[in-house]
Structures are given as structure tokens and as C-alpha cells.
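Number of protein chains: 2
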Amino acid sequence: MATVEDIAVSAAINILTAIAFLLAFAVLRIQPVNDRVYHSKWYISGDRRSTRARSGNVVGKFVNLNFWTYLTFLNWIPQALRMSQAEIIKHAGLDSAVYLRIYILGLKIFGPWTILAPLILIPVNLSGNIIRNLTNAKEIISNEIDSLSISNIEDGSQRFWVHISLAYLLSVWTCLMLYHEYSKVAFIRLHFLASQDRRVEQFSVLVTNVPSISSHSISESVEHFFKMNHSDHYLSHQVVYNANKFSKLAKKRDRHQNWLDYYERKFEKTNRRPYTQKGFLGICGKRVDAIDYYKDIIGDLEKKMVSERQRILKDSKSIIPAAFVTFDSRWGASVCAQTQQSKNPTRWLTDWAPEPRDVYWENLSISLVSHGLRRVVISVLVFLLVFFYMIPISIVQSLANLEGLEKVAPFLQPVIDLKFIKSFLQGFIPGLALKIFLFILPTVLMWMSKFEGYTSLSLLERRTARKYYYFMLVNVFLGSIVTGTVLEQLYSFIHQPPTQIPKTIGLSIPMKATFFITYIMVDGWAGIASEILRLRSLIIYQFKNMFIVKTERDRENAMHPGSIGLHETLPTLQLYFLLGLVYAIVTPVLLPFVIVFFAFAYLVYRHQIINVYDQEYESAGAFWPHVHCRIIYSLLISQLILLGILSTKKAANSTPVLTPLPFLTLLFHMYCKKRFEPAFRKYPLEEAVEKDAMEHASEPNLNLRAFLADAYLHPIFRSFQDVESAETRVDKSQSESHVVALPSSPRHELNLASPPQHVYHYEMEPSSLYYNPYH
Amino acid sequence: MATVEDIAVSAAINILTAIAFLLAFAVLRIQPVNDRVYHSKWYISGDRRSTRARSGNVVGKFVNLNFWTYLTFLNWIPQALRMSQAEIIKHAGLDSAVYLRIYILGLKIFGPWTILAPLILIPVNLSGNIIRNLTNAKEIISNEIDSLSISNIEDGSQRFWVHISLAYLLSVWTCLMLYHEYSKVAFIRLHFLASQDRRVEQFSVLVTNVPSISSHSISESVEHFFKMNHSDHYLSHQVVYNANKFSKLAKKRDRHQNWLDYYERKFEKTNRRPYTQKGFLGICGKRVDAIDYYKDIIGDLEKKMVSERQRILKDSKSIIPAAFVTFDSRWGASVCAQTQQSKNPTRWLTDWAPEPRDVYWENLSISLVSHGLRRVVISVLVFLLVFFYMIPISIVQSLANLEGLEKVAPFLQPVIDLKFIKSFLQGFIPGLALKIFLFILPTVLMWMSKFEGYTSLSLLERRTARKYYYFMLVNVFLGSIVTGTVLEQLYSFIHQPPTQIPKTIGLSIPMKATFFITYIMVDGWAGIASEILRLRSLIIYQFKNMFIVKTERDRENAMHPGSIGLHETLPTLQLYFLLGLVYAIVTPVLLPFVIVFFAFAYLVYRHQIINVYDQEYESAGAFWPHVHCRIIYSLLISQLILLGILSTKKAANSTPVLTPLPFLTLLFHMYCKKRFEPAFRKYPLEEAVEKDAMEHASEPNLNLRAFLADAYLHPIFRSFQDVESAETRVDKSQSESHVVALPSSPRHELNLASPPQHVYHYEMEPSSLYYNPYH
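Sequences listed follow chains A and B, in order.
Sequential numbering of the first sequence, starting at 1, is according to UniProt numbering.
Sequential numbering of the second sequence, starting at 1, is according to UniProt numbering.
Simulated from the structure, these hints should not be mistaken for laboratory data.
Don't take each hint at face value.
A pair counts as met if it fits within one copy or between any two copies, since identical chains are not told apart.
[Said to hold, decoys possible] Mimicking EDC-like on lysine to aspartate or glutamate, the simulated pairs with C-alpha atoms at most 16 Å apart in a straight line are: (1) 691 - 197; (2) 266 - 47; (3) 227 - 692; (4) 674 - 87; (5) 227 - 686; (6) 450 - 554; (7) 343 - 686; (8) 227 - 690; (9) 295 - 261; (10) 544 - 261.
Could you build all of it, start to finish, from the sequences and the hints given here?
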């Protein structure tokens, strides 16, 4: 077990790491050459243009020579705090604003508690002396942190009444904050939706599982069905094409385009024709002129793309059995989305259309049965992943348990016995090992969600977040508590009566506090500091900048900041709520670490949302019910754990008092669900009628059909349609960037819609093609 | 433990009881005096009139003198079987027809199994010899039945593969039958709904939780809200009055009316003015003329009722915040029922209107929050009831365990040791004790459901059925298995390692087969025979007939057959599915008893539905999803129990093969839910549009407003409105029944709507007042 010195060493390491990251950030941020990395959102919104043009000096284009700015390197913090919530909503969307509120919620819940704990809980816990006795008896190796926790109280002590009252107080306080926040978020959401301009998704419904009738095309079926069943309000519909092959071609084309750009740039610099080899990876096969070679390949691919596009348009088989149906009023769309259409409930399924950016086109054709089967398969896989991923983690952690390591590798003993190394290993390794394991996971889980067949990016992110949360709960939280104990005490578990097991678990939870403190410091302090540095994006951007960027527009495309990644950040965040709530009563010394995380992460993400991340879609805070729900689960878990601890502490007269608490919490949850969740899932007719009437009064001659005509056009069409209008924009941007473009080359025509650096995202968010950062 | 002889004795007793009941029924049924009891449905439908008028003989009016009919006393069976399903639907409604299908489903599931078991399972089980060994070792007292069960197979035997394959076969077969039945019932339901005539509930929506605005009345609010949000389809609405006080007065009046009738009849017979006393129960206080006294009281009450009625109509506070809103098309109603209306999801809640007969008026005013709290309170109460009702049952059962009884009351030993008494006690008492406990329960559970606040009778019955099922599952099934064992082996449970517990439970399930066989015979054989006899109804009817019936109409009212009582019969029925499925693999000897029950009960209930019960409402088989769901649960329970048994049997190589089965069953359930349940919960727009169009084509000038005008008028109004039209009907019936009525008395005017014998049901189904058996 780690001692207070171990924690101090770990804290020092992590704080120094965080400071190093922050300093590096402060220096890198003000270099003009990195400006696009740290202010990408402003470039995308068009409020910031290349700073290189402004500075006359050649060096000044790349390095910041104004030394005053180095002295004010921390001014990103007041800058980040200056923007109001309304401005953030306008600048980065409601999702981002609601996301930031989660951190504030964390501070609100745990803030008062961090003040209360030293006043009430710690004196009470210190007044016990069980840990001292145990340490003397050498029964369990323990430390100073444990003597501040509930384990220090003697069995059956009257002092447990303090913990029980505080457990009630904590639950009431948490629920109060949650209720307040839920009603606030619901209000903001409704207000946001009501004050929004006219948006296509308000008039549209996504219909899936369209049955195929041999005599009719999908398009005819859809038109006939909705003309029949929504005769008064049906306006038009847009079919969906299966463009997966086209997007593969585009991807391949863009990979080759990057090589072409690279060789052209090389040629410009060296003025010598570059050569390459035709074979594998350009290192074997016939030697050819690189520029001509890639131009040929790209030409071929583009021809294929044109014919593929024509095939898609002509072949009725490339129309998938789903469509976006638009209505002449919000009322009509709202009605269609909420009702059952067909006698066969597995056909003609209607639901709200996601906003065009949010559609995940690849999954629209998946039928209900297939969707169900896929969910089952993925559930099994997630179960396996969640429960068997534990094994490698527990091995690493048992190695980091130095007593175990010494046994496994006795030759390491002299090294391990060095005090500093020992502290380092015990304080740093367990958290780091876990973090590495977690790094590749979100991608795998996102792939699983995509396979399941959800039809919008927001839903995909929410579902992935759920899987990730289960994973974190079992592996990071339970795994750290139980597996560690199991490896230590497996032998005694088997050979002792079953009543001993809850006692051991109850004891191990407070004892794991030190582990979670180091985890919070590694993941929550140093990790968040590395978030603001954006080292990976920086390297990729500068690499592209060096080799393939030729025009200013290429540079724009080289920096795609991505979105905030709710599927990854939400579960991580929710784990801190869990840790805070569990240890708020058991070992309140952990709370300051959680508070520092919430405050620091709030600052960092506020900065990132304002300056870096680009919103992929707007779900108007649709993820809030999940956040609420999981904080409630955390609260329930904390209550059950406390019950477990108390029951092992033989507090027989006080424990039953705690039993109603989980039930009351569940009741509160059910009430909130009934009261607020419909605001996130449904669109009340009252609201629809109001907005329809307002619009009708203000714009009586509105041509809604024209407004909705191309709303849900498949990206494949948009990429061709936009050519003309985009061309003029390109010309305009050329006049500013003074770079020769090739307006007439066929490559350009297509590339407009799918710039090379975007292609990586093509499969994920093809819709971003026409919402990309061009303007 | 009961031996085969005990079972034989029990079987003999129960078969004799059943035959006695059947003989009594056969004789009583053909007596003209009882005709109304055994053919009430025909009187209600108007196809049968009083037989007394036909027979000239005075004795013949009361006793059947035609001896031929005594010889053909079993002809109710072919009569019951003659009617086709379509005729039953027409005669007794779809609910009744679907209810009968459950018995057929039972026969379909267990029929092939009863043939398969003697061929495969019993030889396999007999080939083991563990029971013989155990009996020799006196470790557990067992019997011949057990040697036919799975307990007879040695641990780790390869013979368990037979059981596992058969478990798969049983599950597949059951699911196949369930799927087939679900799709059939869904089809029948949709067909029934489509072929129905125009019905008011198709155009109506029940809106609850209407917010009260001080400046508007409820009626104005409703009109304004729906005119605003469903402008194209809103037609009208009907407010609901709080008439609870009125119904109390009517109840009181009718109680006194019964006394008045009694004394008037007495006066007619004896020609002497009867006297009564004014005080408590007519046995103390001042002596008065009974007829005058009751006439006075009734006069007073009727004056009060008139003024109460006026108060209700005038006072806006007597309008409750709920209303029936009617639309100009099925489409409009369907849309309104399926969508969220208000921004605040706890207000303006809309749902399908139950058909007028089905409305439970008393609960319409309960708000959402109150409804939620009531459900919580009742959940806790049901939990307590389910889990602590066990205690008295287990005491009775442990008494019936004769070894225990001898210890408690050693003086009974000589009596108990008589072989016949012993067999009787062991075979009969445990089942009977349980049955008595269960007798009062449905009423309590129905009261609980009413308190919860459901707004229709059909929903009340379904909810009560659910509660009752939980009760049966825990107390009858688990209670009989576990409690019995616990009382026997409590001591050893505490003092043995935990791995022993599942073994003991696994062993006790096959051993309880004999108990359940006697239970089936008492409850399922003799119980069903007593159902056809209707002894309670017979006595009540003849009692009324003797003392208070004056006119033929009074006689009609004296026999209210009631409905089939789904809340009571469904869970009972489902218990047999559970028993059949659990023991189909474990102890297949139990199956023939289950089969006999299903076949016999099918005959009896077919007869009762055709001849006796009157349908209270038509839910078009809305209870089927529950039936399906609970059979699936039974299947799951049976699979888990088999898993438990096998794991204790050390069949380590074969048990894992069984593990996927529960998951596959759950998958099947989820699929069925998705595929069929919407047909029972929603009304697809496609269907609505079709019917609207058909109706529009056939009746272009239909005045829908007039058709819907009084559809959901509160019974209190109907009782006054009907007076004139009913008056004429009464005159007509007088000419047939040759009885002097009092057409002008104020009593009659009110009584028309709430005849005395119906008043008992007033609180339960006030709507039956205008659907009562008058025509």
C-alpha cells in the first residue's frame, strides 16, 4: 500500500508534468506557425485569418519575437472565462455549453463537501483508532490516509450515525443539484429550440424499413404511403443512395492526392523531377516519374468515380429502403415522428430526422431485425470486452504491487528498494497502465456502435459513451477494488466462511483511496494538461505543413480539430462523479483531488471549446438525460457500498436507517425521468403549433418546398452540385492567398467536396463535406 | 412426503368431488327455477325468456319433470363445443374467445410432451437408482414418484444429455407455439377491430391532468387547447363530473329499496302490514309501519339525490380535470393519442379512450404525481403482502407435514396414525389450506389497483392479474418449494457450507412434485367442477328470489352473472403453465394432471362463457401480451431451475450447453414484443386512414357529431336522460310479464338507471348502468 510519501511523490510528478505541459502550451500557442492548431475554431468560424500574411519578417512568420507575449503566457485563462454562456452557445453550439455545465455541476456537488469534510468527517474518523491497532498487529499494512477514513472507526461505534446523517445529506444535496441542473438544461434546450431559426430537421422525419414492393420503386412507395396517410401535411421526400463504393474510391483518390501533393512540393523546392517505384510502398518495382504516375492514377480513379456516380443515380438498386420525408409544418412532422404508421410494426418506422450534419448515412439501410441481431451480438462482445479486459489490467497492477513484483523478479530487488524508485513505481505505474489500456478502447467501442446500426452521429456517440461507461465502471472502478483484492487474498477467500467476503470488500474500498488519488492525478491533472497541449494534432499538422501543404487552403484542410468527442469525455467525467460520491463519506481526503480536477478541466475544456474544437452536429444537449442518469447510478453505488461497509462494521442499530436511501434515490430518478426526459425525446404539438403560427404570421408567402428541397440530399450529390458555386469561392480565396490553383483540372472539381485531409473523416461524417470549414 | 397411495387417495377424493359437483350441476341446471343462474348470458342477450311462463304446471315451474332430460344430463359438453370461434366472438366478445385460446395453447404445448415423456424421459429416469440408494440410506425419505424424476439419475451421468436435449426441444416447441399463437391473436384482433362497426372510442381520446387556469373553466381550457393544437380534427369534448357523493346516495337508496321490496312482498303474501323498529338493524327503537318507513326514507334520499345532481351540474368545482375529447376522424384521434401535447410532459396527457363501458370514472381525476406516489405505496404493500403472506401458509404446511404435527400436538398421534386419515391429511390439506388463503386475495389486490388510479376496468384487471401472478409465483410456487424445505432443513442450512444450498433446493424441486400433483387435483379438478356449479350465485339468486323479487324485471336484476374475472383466472391459469414447464423435464409424471386440467377447464369455461358470464367490456384481447410474457417467464424459470438441478448433479460437461437457452428465450421474447405488441397498444395511422376512407365513401353525409355527442356522458346524466325512452321499454316489458309496475313514482325514474341489484356494482362499473341487461 502506498504511504503519504508515495502520494506526495506522485503529486509532485504529476503537478510538474502538468506544469511542463502548460508551459509548453503557453510557448507553442503564441508561435504563429502553430496558430492554426490552437485556434482552429476561429479559423473555421472565419474570425481569424492566417497571421503569417500580417508579419513582414520572415522569421516572424514562424516564431513569435514579441517577448511581451511570453510574459503574459497565462492569459488564456481569463480569456477562456470571459465568454458568457449565451456567447458560447452562439459560438460553439448548445452541446458544448451543456457539456461545460457538467464540470460546474461537479464543483457544485463536491465543493461544499470539500469544506464540510475537514470540519466534520475527518475529526470523527481520526477519533477512531482501529487502523493504529491493526498496523501494530501487522494484520494489514496500512497508512495515514486510511486513518482519515471510515475504516478507522471501531465496529459498532455510535460514530457511524455521523456517517449515516451525512450520507443522507449528500444524497439530498446531490439530488437537489441534479434536479436544479436538469430543469435548467431542459429550459435552455427548449428555449434554444424555440428561438432557433427555421431548420430543416423540424419539418423532416426519417422513415426506415420501407417495404419493397416489386411493382413500385422505393421512391414511389414512400410517396404513395405518405400521400395516403398524411395527406394534409406531406410535402416531399428524399431517397437515400448507397454510396459506400463511391466513398471508398474517393478515399483512395485522396490518399494518392496526398502523395501527388508531396511530390509536386518536392519538385517546386528542388526543381528536380522526383521518381518513385511502382511496386509495394514505392520501394520496389519499376522506376517512374512520380508526378506523372500519381496524376495518372488519380485520373483513373476520377473516371471511375464519375461512372460510379452515374451508376448510383441510374440503378434503382442503389436506393436503400429509407427516406427523409418532409412536411409542410412542424405539426405534421411532429405527428408523423411520434405515431405508428403501418399495421406491421416492423415496417415504415418513423422517427425524428437528425439534422443533416448528424446523419450517419451508412446505417440507414439496416433493417429492424438486422439491427436487433446486431445489438445482441455487440452486447455479447461488450460483455466479453468489459469482463475479460480485466485480466491484463489486473496483471499489470499486481506487478506494480511491489511485494508481488519482488517475488516474480527477485533480481530487481536492489533497484526497487531504492526509496524514490519505489515511490515512483507505486504512485505512477498503476494509473499509467490503466490509461494506456484505455487509449485504444473508444475507437473499438465506436466501431461496435456503428456496427449496431444507429443512424445519427449523436446517437452513436451516446451509445459508445454508454459502453465506455460500463467498461470504466467494471474495470477502472470495480476492477481496481476487487481484482486487486482478489489477487492479494484469493487464497483466503476460498478458505474462509462466506460472511467474511463482504467484510474484506468493505475494508478494501477505503484502502483503495490512495490508488484512486494517484489515478486522479495522472488522468485528471496531467492528462487534462496534455489535452490542452494537443501534441498529437500539433505534430500531424506540422508534418502535413512540411510535406504536402501547397496553398493556404491546403493548410486550412491540414488542421481539422475534430469535435470534443463526447463518447470518450463523458464516461471519463462520470467516473469522477462516481469516485467523488463513493469517497465523499468513506475517505473524504480524496475530494480535494476531485475538485482540482473539475476546476482545472473546466478551464481547459472551456478554452478548447472556444478556441479549438469544431462542433460536428447540434443535438441541443440530447445527452443530458444520460449524464443525469449515470450520476444517479453513481449515487446509488455509493449508497450500496456504504451499506456494505456499515454492515461489516457491525453497526446493527444504525445500518437499517440507511436502507431506504437507495429506494428514495430511485424514486427521485423516476420522477425526473417523467418530468424532464420528454423534453429531450419528443417535440410537443403545442410548441410545434406555436412556431408554425408565428412563422405563418411573419412570412405568409414562404416557399417551404424550396427551403426543404435539398435538405437531406445525399453528400454524393452535393459534392457535384456545389462545384460551380464553390469554384467562385475558390477564386476569391486565391486572390488572398496568392497561390496558383488548377481550377479546370478534374481533380479540383471533386476535391472541392472532399478535400484530402477531410477524407479520413469521410466514412464517419460524410455530411461534414458540405458543412466543412470553407467559409 | 406423500407416497403413491396418498396421491391415489387424493385423486379419488378429488375425482369424486368433481363428479359430485358435475352431477349436482347436471341436475340443478335443468330445473326451471335455476334456469337464470345457468343460462344468464342468454337472458341478457335476449335469446331466452322466462321458462316459467311456458310451463302450465305449477310444479313444473320450479322442478323439471321431464325425466328424459335427466338421462342426457351430460349434453352440456357437446353443446359447449358446438359453437365456432366466430360465433363465440359474436356472442361473448373477443376477450372471451381469446381467453379460451389460452387453454388450447396449454394443450398444444403440453399435449405432445405427455406422449413423449413416457417414451423417453421416464425410462431414462427409471434407469437411475439414486433414490433407491438414498431411501435405503434413510438420508431423505422419498417415494416412487421421485424415482420417475430427474433426482433418480446419478451425479455426473451421461444420461443428462437426454434432459438437456429435451429442454432445448421443449423451449423451441413452446416458443413455436407461443409465436404462432401471438401472431394468430394479433391477426384476430386486427381483423376484429377492422370489421367492427363505427365505435365511439375510435374517435375519442381521454385527456387527463388538465391544468386549471383561474380565468377559464376546465371545459373552456380543453376546448381552447384542442382547437389550437388539433385545429383540423377537433370535434367536441365531454367533461367528467365528480359524482362520488351521488353514487353513495344511490347505493344507500337501493339498500333501503331492497328492504321496501321485502316488506311489500311480505305484505302481499300475508296481507298484514309488516312492522319494523327504527333503531340499529331494526331490532331496537320505535316500532313503525315498515312500508311507510322505508318509503319515507327513500323519498328523502331521492330528494337529496335530485339536489345533489343539480349541485354537480351547477358547481364548476365538481368538474374534474379530465375530459373525453372527440375528433372528426379516426386519424385525428389516433394522432392525438400517440403524441405529446404540452411542453410540460406532466400536463395534458392523452391516451386512447377506453370504450364507454370500460371507463373507471372514479379514477379520472387522479393527477400524474399522485398516480406515481400511489403506485409506489402499492408496490411496497404488494411486496409486503407477497413476501409476508408466506408465513401463515408455511405454518399450515408444516402442520400438514405430519411428523411436524405430531411433535406440535402429540395427543393427535393415534388419530394421525390411522392410515386413511394420514393419507387424507397429507394429500388434501396442503392444497386446501393454500386455496383458502387465496380466496380473499383477488378482492384485496383489485382494491389496491383501484387505489393506484388506473382509469379503465380492463387495465385494472390486467394490473390486478399481475399482482396476483407475483403472489402465486412467490407463495404458491416458490413458497411451496423453499419454505417447506426451509422449515425442514433450516438448521442444516445454517450449519453447512454455502455450496450445499443450491443442491438442497435442486433436490427439493423434484420432491415437491407430489405436493403440486395434489394441488392441481384440488384446485384444477375439483375447483373447476365447483366453478361450473356456481353454488354461490345460485344461493344468492334463490335467496333474492325468495325475499325481494316482485316483478320479472326484478328477477332479471337478481341474477347478475358478472364477468369471467380475468384478474383472478389469468394468474391461476398461468401457474399451470409454470408447473407444466418446470416439471416437463424434471418430473414428467405431473404432466397428465396438467393436461386433464387444461382440457376440463377448457370445457367448463367454454360452457360458462357461452351460457353464463356477461362481458363487462371489450378490450379486443388486450391482455394477450401479458399472457405471452408470463408463459415466457415460466419457461425462463423452468430453464434456470433445470440449470440449478444439473449443476448440483455435477454434470459439469453437459451443464454449460444449457446456459445459452435462457438468453435465446429472452431474445425470442424481445422479438415477439417488437413484432406483435404494438398491435395491442397502438392504432396505426394506415388502419385509421383506411377505415376513415371506407366510411366516407359509404356514408358521405354521416353526422359524426351527433353520433359522438353523448358517448362519454357521465352515468349520472344518462340515468336521468334515459328516463323517457326507458319508460316506454318498461311498459312493453310489463305487457309480457304481467306485473304491475309503478311508472310514475319518482323511485322508478331513478331506479331505471340503477336497479337495486346492480347497485352493488355501481362503484365498480357505473357504466354498466346503461349497458345493463335490459333489452
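Here's how the hints hold up against the structure:
When the C-alpha separation of residue 691 and residue 197 is checked against a cutoff of 16 Å, the pair qualifies only within one copy, where the shortest distance is 10 Å, while the shortest distance between copies is 38 Å. Proximity of residue 266 to residue 47 under the C-alpha cut-off of 16 Å is found in neither arrangement, the shortest distances being 32 Å within a copy and 101 Å between copies. In this assembly of identical chains, residue 227 and residue 692 lie within 16 Å of each other by CA distance solely across copies; the values are 15 Å between and 21 Å within a copy. Proximity of residue 674 to residue 87 under the C-alpha cut-off of 16 Å is found in neither arrangement, the shortest distances being 31 Å within a copy and 44 Å between copies.
Taking CA atoms no more than 16 Å apart as the test, residue 227 paired with residue 686 passes between copies only; the shortest distance there is 11 Å, against 24 Å inside one copy. Proximity of residue 450 and residue 554 under a CA criterion of 16 Å is satisfied in neither setting, with 30 Å inside one chain copy and 70 Å between copies. Proximity of residue 343 and residue 686 under a CA criterion of 16 Å is satisfied inter-copy only: 7 Å between copies versus 27 Å inside one chain copy. In this assembly of identical chains, the alpha carbons of residue 227 and residue 690 lie at most 16 Å apart only when taken from different copies (13 Å versus 25 Å within one copy).
When the C-alpha separation of residue 295 and residue 261 is checked against a cutoff of 16 Å, the pair qualifies only within one copy, where the shortest distance is 10 Å, while the shortest distance between copies is 108 Å. In this assembly of identical chains, residue 544 and residue 261 lie within 16 Å of each other by CA distance solely inside one copy; the values are 10 Å within and 102 Å between copies.
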